[in-house]
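Engineer: In order, the protein sequence lines correspond to chains A and B.
Under the numbering used here, the residue at position 59 of the first sequence is numbered 59, and the numbers go up by one with no gaps.
Under the numbering used here, the residue at position 22 of the second sequence is numbered 1022, and the numbers go up by one with no gaps.
BS3-like mimics (lysine-lysine), calculated; alpha carbons at most 30 Å apart, straight line:
id	chain 1	residue 1	chain 2	residue 2
1	B	Lys1070	B	Lys1056
2	B	Lys1093	A	Lys44
3	A	Lys36	B	Lys1026
4	A	Lys40	B	Lys1093
5	B	Lys1069	A	Lys41
6	A	Lys40	B	Lys1069
7	A	Lys41	B	Lys1056
8	B	Lys1069	A	Lys36
9	B	Lys1070	A	Lys36
10	A	Lys71	A	Lys22
11	A	Lys44	A	Lys19
12	A	Lys41	B	Lys1070
13	A	Lys41	B	Lys1026
14	A	Lys40	A	Lys22
15	A	Lys44	B	Lys1069
16	B	Lys1093	B	Lys1056
17	A	Lys22	A	Lys52
18	A	Lys44	B	Lys1070
19	A	Lys67	A	Lys19
20	B	Lys1069	B	Lys1093
A few chain A residues that face chain B, going by a derived Cβ cut-off under 7 Å, partial list only:
id	residue
21	Leu43
22	Ile45
23	Ser48
24	Ile56
25	Gln107
Computed list of chain B residues with no C-beta within reach of chain A, every gap over 10 Å:
id	residue
26	Pro1008
27	Asn1052
28	Glu1055
29	Asp1066
30	Thr1067
31	Lys1069
32	Leu1075
33	Asn1111
34	Pro1112
By construction, these hints were calculated from the structure, which means they are not laboratory data.
The beta-carbon is built from N, C-alpha and C at its ideal position, and this holds for glycine as well.
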Amino acid sequence: DTAVSQTPKYLVTQMGNDKSIKCEQNLGHDTMYWYKQDSKKFLKIMFSYNNKELIINETVPNRFSPKSPDKAHLNLHINSLELGDSAVYFCASSRIGGGTTEAFFGQGTRLTVV
Amino acid sequence: SQQGEEDPQALSIQEGENATMNCSYKTSINNLQWYRQNSGRGLVHLILIRSNEREKHSGRLRVTLDTSKKSSSLLITASRAADTASYFCATGKETSGSRLTFGEGTQLTVNP
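Kindly produce the complete structure, drawing on both the sequences and the hints.
Structural biologist: Here it is as structure tokens:
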């Protein structure tokens, strides 16, 4: 069974569209994250949730909105997509937060905005 | 510049050789972790070293941590072609609000 799964794996869409990426973890972890990896492979945290509560909300545009219906799921909705949103988005989870334990990553969603 | 900077950015070696990657960071930490990312895949955790530890081993991996110099190194011994990947260091700190801060990565290529 995949520990952290995110769908879709690839997403190609036009500018101005709204899209969602879903993430689920079956590890029983309390903390989940969204990271963005740019073309230079730099990973930057976007959001962190602990038990459905938003802990970190980095300076990302308001067009990005995370939703955590339960502690096993953390979805990312993006409104009015722009060319600069093209990147690979990774969902991750960890047993506890604070960067104190290892994080488990999903396979990534490669978003291409055309 | 970023918390967590890897050096070198790219490393190419022959199978059987050892590979050493370095990471420097700027603020105090609780732990430092190393991750591997194969092309087109997610990150996989390799090893975690706590701030009160100086060295840790896991199979062919050896990690050192020097908190006075704010630096860490990852040594992969007897490298294999399958070790070809990007390697990232990440720092964790309890007061950082549930985040791991990643470096820019080292691209390791092991030639058969």
